[in-house]
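Number of protein chains: 2
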Amino acid sequence: MKKYLVQPDMKVKLSEWDPNDTSEFKGGKEQGQAEIEKLNHRLEELQELLFAEHRHKVLIVLQAMDTGGKDGAIRHVFEGVNPQGTRVANFKAPTAEELDHDYLWRVHRQVPAKGELVIFNRSHYEDVLVVRVHNLVPREVWETRFDQINEFEEMLAETGTTILKFYLHIDKDEQKERLQARLDDPNKHWKFRLGDLEERKLWSEYMQAYEDVLKKTSTDAAPWFIVPANHKWYRDLVISTILVNTLEGLKMKYPESAENLAGVVIE
Amino acid sequence: MKKYLVQPDMKVKLSEWDPNDTSEFKGGKEQGQAEIEKLNHRLEELQELLFAEHRHKVLIVLQAMDTGGKDGAIRHVFEGVNPQGTRVANFKAPTAEELDHDYLWRVHRQVPAKGELVIFNRSHYEDVLVVRVHNLVPREVWETRFDQINEFEEMLAETGTTILKFYLHIDKDEQKERLQARLDDPNKHWKFRLGDLEERKLWSEYMQAYEDVLKKTSTDAAPWFIVPANHKWYRDLVISTILVNTLEGLKMKYPESAENLAGVVIE
Chain Y
164 MKKYLVQPDM
174 KVKLSEWDPN
184 DTSEFKGGKE
194 QGQAEIEKLN
204 HRLEELQELL
214 FAEHRHKVLI
224 VLQAMDTGGK
234 DGAIRHVFEG
244 VNPQGTRVAN
254 FKAPTAEELD
264 HDYLWRVHRQ
274 VPAKGELVIF
284 NRSHYEDVLV
294 VRVHNLVPRE
304 VWETRFDQIN
314 EFEEMLAETG
324 TTILKFYLHI
334 DKDEQKERLQ
344 ARLDDPNKHW
354 KFRLGDLEER
364 KLWSEYMQAY
374 EDVLKKTSTD
384 AAPWFIVPAN
394 HKWYRDLVIS
404 TILVNTLEGL
414 KMKYPESAEN
424 LAGVVIE
Chain X
164 MKKYLVQPDM
174 KVKLSEWDPN
184 DTSEFKGGKE
194 QGQAEIEKLN
204 HRLEELQELL
214 FAEHRHKVLI
224 VLQAMDTGGK
234 DGAIRHVFEG
244 VNPQGTRVAN
254 FKAPTAEELD
264 HDYLWRVHRQ
274 VPAKGELVIF
284 NRSHYEDVLV
294 VRVHNLVPRE
304 VWETRFDQIN
314 EFEEMLAETG
324 TTILKFYLHI
334 DKDEQKERLQ
344 ARLDDPNKHW
354 KFRLGDLEER
364 KLWSEYMQAY
374 EDVLKKTSTD
384 AAPWFIVPAN
394 HKWYRDLVIS
404 TILVNTLEGL
414 KMKYPESAEN
424 LAGVVIE
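Protein chains in written order, with the working numbering: chain Y, 164 to 430; chain X, 164 to 430.
Any given hint could be a false lead.
Restricting the straight-line Cα-Cα distance to at most 27 Å, the calculated cross-link-like pairs of lysine-lysine (BS3-like) are [as the list claims (entries may be wrong)]:
#  : chain 1 : residue 1 : chain 2 : residue 2
1  : X       : K395      : Y       : K201
2  : X       : K351      : Y       : K277
3  : Y       : K414      : X       : K189
4  : Y       : K354      : X       : K277
5  : X       : K416      : Y       : K255
6  : X       : K189      : X       : K166
7  : X       : K351      : Y       : K201
8  : Y       : K277      : X       : K166
9  : Y       : K192      : X       : K201
10 : X       : K354      : Y       : K414
11 : X       : K354      : Y       : K354
12 : Y       : K395      : X       : K201
13 : X       : K354      : Y       : K416
14 : X       : K189      : X       : K165
15 : X       : K255      : X       : K166
16 : X       : K277      : Y       : K351
17 : Y       : K255      : X       : K201
18 : X       : K378      : X       : K176
19 : X       : K165      : Y       : K201
20 : X       : K414      : Y       : K351
21 : X       : K364      : X       : K255
22 : X       : K414      : Y       : K354
23 : X       : K201      : Y       : K351
24 : X       : K192      : Y       : K201
25 : Y       : K351      : X       : K192
26 : X       : K351      : Y       : K416
27 : Y       : K277      : X       : K354
Okay, the calculated bits of chain X under chain Y, using three or more residues with CB under 8 Å as the criterion [stated by the list, open to error]:
#  : region
28 : 228 to 239
29 : 421 to 430
It is worth saying that the hints were derived from the structure and are not from the lab.
The C-beta atom is built at its ideal place from N, Cα and C for all residues, glycine as well.
Okay, chain Y solo, but in the shape it has when bound (with noise of 0.2 Å):
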């Protein structure tokens, strides 16, 4: 998986990223869930390890256009891990109490605690994307944010947490197929947005801001993957393997007791 894995300062261009890609697992679909399912419950060890140890901190950053498949990825990926230490922060429109502090306060309060696995489901890349695209603050403003992103990851590798940042990489016609489905779907119309019309507009303007993203803020404290995901089984499979890969890295181990239990006698 090491292919989807964007160096520092390496140059992205979207366009030359397939996100149909499916080459790093020889399997079809069918083989490719069977995979999942495997890793899922890998997982499942591997978090209770993480919860058990209480070392390290563990956060996962999705980002994608609408429809990319955040949620998807989401229910799929995490499905049979324990809700007790696992949580999912998911970043909207600032409220006013937001807006009235820096753009990293509402995100520094929700990184994991130690033992905690927590995913962003959106996260302060919005900063430099939506407020970028949208102009809502002047680019002198929103440039001085890379660097303040990279030294506040920095400062979050270097006190314990495992960060992983996942772009999922749809196409625009994919997104358009997918925005029909919901719109098809009476069952899917309260995912449905008129406002995610409009954001489909700027698809080049967010490819772009994206390619900056992606250029500027991966590092060895907090790598950016890029994703194909175009279709949902790949994309959660290759989440799925490059989660479990790290936390295996981590060589986590069940703590021995603080105490000393040797000789004890319960009555």
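Put chain X on the given structure of chain Y with help from the hints.
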């Protein structure tokens, strides 16, 4: 499962409630586990509906003696539920800031929002359990709390919260076995605390405190269920069944869009 419901003002003698009971399910453990899996899938659908409808709020309170199975119940009942929209709130020993506020302050912050399912792993009931057993506040203080709690929960119910409270009922012998199992397995030492043995000595005081809680705070707005919990599969089955039935009773529907989607064309 009606037999496990505590009627308002019903006098409860826990020694008369059989923690080994499995009478409401005619199959044994294996069939029971298959049934739990079915309920898990149904719960997954219902939780998605809860999230989509964005109308009801659901609060599950879990209380039990040490090793009573709160963590296990969370793991097994909520397996497969989307972490988006589901949250576990743990109430540990209060912090200095929390102690500077009334005892419901930290609890109120954690109640579910619209569309959310929140599980309280321990709760404000510790303020009439551990606090009472250890004389952390005078009797006249904790005695006033029963009414305060009922009124607080009634307000939550009146403002759209569905509340289910489960007391996981094990006996003292079962606790001994479970503590011993933790002691015998180095991978479980992290769960073992010498302090648990001190608490165990206060078993009968805790039973008395629980009996008062169950009698005084089981209301129509927020009923208590006494779950036989010596058999883990049965414990999970009882909780799943009551939860699924309750959610079914909400008659939730996928909402229509607030916007007029007729004639929308995606370009």
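Going down the list of hints, with the structure as the test:
no., hint, verdict
1, X:K395 to Y:K201, "holds, 25 Å"
2, X:K351 to Y:K277, "holds, 18 Å"
3, Y:K414 to X:K189, "violated, 44 Å"
4, Y:K354 to X:K277, "holds, 16 Å"
5, X:K416 to Y:K255, "holds, 24 Å"
6, X:K189 to X:K166, "holds, 15 Å"
7, X:K351 to Y:K201, "holds, 24 Å"
8, Y:K277 to X:K166, "violated, 41 Å"
9, Y:K192 to X:K201, "holds, 25 Å"
10, X:K354 to Y:K414, "holds, 20 Å"
11, X:K354 to Y:K354, "violated, 42 Å"
12, Y:K395 to X:K201, "holds, 25 Å"
13, X:K354 to Y:K416, "holds, 14 Å"
14, X:K189 to X:K165, "holds, 16 Å"
15, X:K255 to X:K166, "violated, 31 Å"
16, X:K277 to Y:K351, "holds, 18 Å"
17, Y:K255 to X:K201, "violated, 34 Å"
18, X:K378 to X:K176, "holds, 9 Å"
19, X:K165 to Y:K201, "violated, 38 Å"
20, X:K414 to Y:K351, "holds, 18 Å"
21, X:K364 to X:K255, "holds, 20 Å"
22, X:K414 to Y:K354, "holds, 20 Å"
23, X:K201 to Y:K351, "holds, 24 Å"
24, X:K192 to Y:K201, "holds, 25 Å"
25, Y:K351 to X:K192, "violated, 38 Å"
26, X:K351 to Y:K416, "holds, 11 Å"
27, Y:K277 to X:K354, "holds, 16 Å"
28, 228 to 239, "holds (count 3)"
29, 421 to 430, "holds (count 5)"
Against the hints set out earlier in the document, violations occur for numbers 3, 8, 11, 15, 17, 19 and 25.
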